[in-house]
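Top line first, the protein sequences correspond to chains A and B. Each residue of the first sequence is one higher than the one before, counting from 92 in the numbering used here. Each residue of the second sequence is one higher than the one before, counting from 1407 in the numbering used here.
No wet-lab data here; the hints were simulated from the structure. In this text, a Cβ means the ideal position worked out from N, Cα and C, and glycines have one as well. Please note: incorrect hints may appear among the correct ones.
[To be verified] If you anchor each label on the Cβ, the simulated ranges turn out as follows:
(1) A/T94 / B/T2064: 37 to 45 angstroms
(2) A/S111 / B/N1647: 26 to 34 angstroms
(3) B/C1626 / A/T130: 33 to 41 angstroms
(4) A/R118 / B/R1619: 27 to 35 angstroms
[Claimed, not checked] Quick list of in silico lysine-lysine cross-link-like pairs, DSSO-like style, CA-CA up to 27 angstroms:
(5) A/K154 / B/K1793
(6) B/K1641 / A/K154
(7) B/K2061 / A/K145
(8) B/K1671 / B/K1657
(9) A/K109 / B/K1640
(10) B/K1614 / B/K1641
(11) B/K1657 / A/K145
(12) A/K145 / B/K1724
(13) B/K1731 / B/K1645
(14) B/K1702 / B/K2129
(15) B/K2129 / B/K1724
(16) A/K101 / B/K1640
(17) B/K1786 / A/K154
(18) B/K1717 / B/K1790
(19) B/K1702 / A/K154
(20) B/K1671 / A/K154
(21) B/K1645 / A/K101
(22) A/K101 / B/K1641
(23) A/K145 / B/K1855
(24) B/K1802 / B/K1717
(25) B/K1717 / A/K145
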Amino acid sequence: YVTTILEDAKIYSSHAKKSSVDADDVRLAIQCRTDQSFTSPPPRDFLLDIARQKNQTPLPLIKPYSGPRLPPDRYCLTAPNYRLKSLQKKVSSSAGRITVPRLSVGAVSSRPSTPTLGTPSAQTVSVSTKVGTPVSLTGQRFTVQIPSSQAAVKSATPTTPTVQNVLINPSLIGPKNILITTNMVSSQNTSNEANPMKRKHEDDDDYDNL
Amino acid sequence: DRQTLVAVLQFLRRSNLRESEEILRREARLLGDDLGAAALSPAGVLGGPDGDAGSLGGEALLSRVTAAPAVAMGGSVATVASSSPGVAAVAAVPPGKGGARAGSRLTSRVVSHCIFGSSFRLSDKLLFNAFAVGGGVVVEDQPDVSAVLSAYNQQGDPTLYEEYYSGLKHFIECSLDCHRAELSQLFYPLFVHMYLELVYNQHESEAKSFFERFHGDQECYYQDDLRVLSSLTKKEHMKGNETMLDFRTSKFVLRISRDSYQLLKRHLQEKQNNQIWNIVQEHLYIDIFDGMPRSKQQIDAMVGSLAGEAKREANKAKVFFGLLKEPEFDVPLDDEDEEGENEEGKPKKKKPKKDSVGSKSKKQDPNAPPQNRIPLPELKDSDKLDKVMNMKEAAKRVRLGPECLPSICFYTFLNAYQGLTAVDVTDDSSMIVGGFADSTVRVWSVTPKKLRSVKTAADLSLIDKESDDVLERIMDEKTASELKILYGHSGPVYGTSFSPDRNYLLSCSEDGTVRLWSLQTFTCLVGYKGHNYPVWDTQFSPYGYYFVSGGYDRVARLWATDHYQPLRIFAGHLADVTCTRFHPNSNYIATGSADRTVRLWDVLNGNCVRIFTGHKGPIHSLAFSPNGRFLATGATDGRVLLWDIGHGLMVGELKGHTDTVYALRFSRDGEILASGSMDNTVRLWDAVKAFEDLETDDFTTATGHINLPENSQDLLLGTYMTKSTPVVHLHFTRRNLLLAAGAYSSQ
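Only chain A is shown next, with the shape it has when bound in the complex (with noise of 0.2 angstroms):
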């Protein structure tokens, strides 16, 4: 601390073209490091002002039924805070397959949300992949998103593949509300190796599923 100090007096001083470091310079060093670093709370009249304006507000009343109390999503911290990069890897020759990528389930009634996993929009090159908007049900208030395909796939002959999309398959509504959907996009990346952890998870799936 006193070395900068020092050092920053030394610099005032050589501005005001001094021949040697003045107290005055060692005070200003002094305020212009407080200002930066050791700030402190407001005054006390500043703090009784707003506190008079912020306890003028009357309570807010709360909404009945409407689950997990959280505020808007941009102030909470449940967003994915990642996308996956995707691969420019080289297209294996198994077409067709349907995997089932990862699903995001809505918030579960009378719990709070789970955090949706990353659902990363993926730069893909010749996979037109629609990419679901989010569906807000009325009642209970959770959101679904249907992810994207997480497939990367280059390949100079596109062999285009099948792009389902279910959106709201209602029998898939179980009567606890919890509404699941797919997306079901074919992928042809058995080769990727960004997550080959994942990927054979997901070919677990296929076998269990088929």
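Since the structure of chain A is provided, determine the placement of chain B on it from the hints.
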């Protein structure tokens, strides 16, 4: 008011300031006074509360005005101003307080203008001071007055300060025994204010010698403050220190009986002591009560805070300390009850249960707040199930008392390396959370049931959504463990709190944020940013949804989980807010602070309804009694103080601990108070005995204090020592088993 004008006019005439006199006469005519006649007959009796002022006739007034212009003007005007409501009725100004005040305000402006014109600048400022102090202050004058106050007006020759102080000291020491204790209260605030004044006006050497000479005379419990004060030797040191600035601008409150006050006033109004009188008037607020002067012991119990004691009117607001009605619903009794006593048949047991719930709700408790005073979340099904469980457990609860002490189960955090900074336990005692200095929050399950989080979305798609136990199936058994670590804060975690429905966890930290964590997924949901400085404590409301946080910026904030900004800001403390607790009815919040006061705030409108002084160190623990009537507080001075919320009085003092009391908890039915401290002990106190036989009649509430019996030893039921583990948290289970928590420190 007339008397003032008369005095000033005469003074001006005698000093041959004809011009000023003319101006004043002209302006004063706006008030409709006939000053020509009035000036010649200033023999108005100054009726008012001041007995001394009444003895002054007009002659005396005039002599005061001429004798020592600057100072005496201030003194005499003060006495006049204090009786201004009475005098205004005499003067021909519009009746009513507003009129009187307007008159006096105009007068003060006019007079000061004249005097300013004649270059009596000092007296100008004193005039303002006097009007402010004497009670005639109006809102518009406030900026001028506060500007004056902050300028720390020079009240006399700095070299003479030591003389003034020692003169006062001599007087007080020679006074009667019964008054000496009360008058000794003046020493500390006067000392600090005089010292700060010298420092602010840059008389460094005088300040230093003043400090050297008198700092040893002060009470022992002010020594910490004095140490801080000794490091403030220059004006620049005072700038960044908000606590010192607040101390300077707020008035130190002293409670003195009328007799002692008269004695003091008579002494100080003699000519040579006028300097001290001015300082007293400027910086001290003397709350006079009628009654016996207090003994040293009584005074010592209640002083100690940074702003003196609390004014009696600060504790007069009505507080709804009763509990909210519990909602009635059928208690489903099923065969899972282990007790064999209900084998006669369910209907038989059902009736008494319903009666107990019903009888409470028949009459509205006058001290309870209306049910919808503040909006509270409705009860969900899971909450109702919880309540049923609670009632079942309550039936099996052990009745505690002096003969039946609780068993204490201690949870020791090993290998914490002095990093354990916060602990909380859920209401049903199933989970413990620890906040650590390495910014992690760790949650443990203390039941055989492990902590499970909800499955990932991929897995959730595979479950059978229609099965009955889907709520079990969504939980992930593969990653179940006894311990879950939550990462997210960027500084030591100083406070943690479980929500009553065990879905959320709050943690507050030195990084200025309060984080909400989900206990279904063990991830962070929201970070509430409002305090930009360390947050020392946070707590969920007993009904969930609201939570309170208090921190270094000297305010406490009320939040709701679905608002990213606070709903209420409770500002008023002079130093950091170190402890925040909700009242059981969720309508009030108690905050303990480093300025050694405890304040009770109303959630509805943010007003401070109670101020409790008496601790000699920062407060670190607060506990409301289950019936909502009493508050127990613990601080670094090792004392536990008990307060009656309704009357606003201190009703008990529990001495025994030798170090900071960090944990306080009442048993489930309020019979026992448990306190845990840094001196490695848990002490149990008899709460029933402490609160019975309170003599709180009108007289005691008028004076603001009761005689505290010296019964700490009688109330102490047991002292339980740990092996070098300070007690950080206490929790009574639903069956009245006491859980304690602390981190083993090998010193």
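Against the structure, the hints:
At roughly 42 angstroms, the beta carbons of A/T94 and B/T2064 sit within the given window of 37 to 45 angstroms. A/S111 and B/N1647 have their C-beta atoms about 31 angstroms apart, which keeps the hinted 26 to 34 angstroms range intact. Between B/C1626 and A/T130 the C-beta distance comes to about 34 angstroms, which sits within the given range of 33 to 41 angstroms. Range check, A/R118 to B/R1619: about 30 angstroms between beta-carbon atoms, so the 27 to 35 angstroms window is met.
Straight-line distance between C-alpha atoms of A/K154 and B/K1793 comes to about 22 angstroms, which keeps the hinted pair within the 27 angstroms bound. At roughly 53 angstroms between alpha-carbon atoms, B/K1641 and A/K154 are farther apart than 27 angstroms, so this suggested pair is violated. Taking the CA atoms of B/K2061 and A/K145, the gap is about 40 angstroms. The hint is violated against a cut of 27 angstroms. Restraint check for B/K1671 and B/K1657: the C-alpha separation of about 18 angstroms stays at or below 27 angstroms, so the hint holds.
Annotation: proposed proximity of A/K109 to B/K1640 holds, straight-line Cα distance about 26 angstroms (limit 27 angstroms). The hinted pair formed by B/K1614 and B/K1641 meets the criterion: a straight-line CA distance of about 13 angstroms does not exceed 27 angstroms. Under the criterion of a C-alpha separation no larger than 27 angstroms, the hint pairing B/K1657 with A/K145 is consistent with the structure, at around 25 angstroms. Using a Cα cut-off of 27 angstroms, the hinted pair A/K145 and B/K1724 holds, with the two alpha carbons roughly 22 angstroms apart.
Using a Cα cut-off of 27 angstroms, the hinted pair B/K1731 and B/K1645 is violated, with the two alpha carbons roughly 50 angstroms apart. Under the criterion of a C-alpha separation no larger than 27 angstroms, the hint pairing B/K1702 with B/K2129 is inconsistent with the structure, at around 38 angstroms. This hinted pair does not check out: B/K2129 and B/K1724 have alpha carbons roughly 45 angstroms apart, beyond 27 angstroms. Under the criterion of a C-alpha separation no larger than 27 angstroms, the hint pairing A/K101 with B/K1640 is consistent with the structure, at around 23 angstroms.
Our distance criterion of 27 angstroms between C-alpha atoms is met by B/K1786 and A/K154, whose separation comes to about 13 angstroms. Pair hint B/K1717 plus B/K1790 does not hold up; C-alpha atoms about 44 angstroms apart against a cutoff of 27 angstroms. Distance check on the hinted pair: B/K1702 and A/K154 sit about 55 angstroms apart at the alpha-carbon level, beyond 27 angstroms; violated. With a CA separation close to 60 angstroms, the supplied pair B/K1671 and A/K154 exceeds the 27 angstroms bound.
Distance restraint check for B/K1645 and A/K101: the Cα-Cα separation of roughly 24 angstroms lies within the 27 angstroms cut-off, and the hinted pair is therefore satisfied. Only pairs whose Cα atoms come within 27 angstroms are accepted, and A/K101 paired with B/K1641 is accepted, the gap being roughly 24 angstroms. Note on A/K145 and B/K1855: the hinted pairing is violated, with a Cα-Cα distance of about 44 angstroms set against a maximum of 27 angstroms. Restraint check for B/K1802 and B/K1717: not satisfied, since their Cα atoms lie roughly 45 angstroms apart, outside the 27 angstroms limit.
A threshold of 27 angstroms between alpha carbons decides the hint, and for B/K1717 with A/K145 the separation of about 26 angstroms falls inside it, so the pair holds.
Of the hints listed earlier, those the structure fails to meet are numbers 6, 7, 13, 14, 15, 18, 19, 20, 23 and 24, in rising order.
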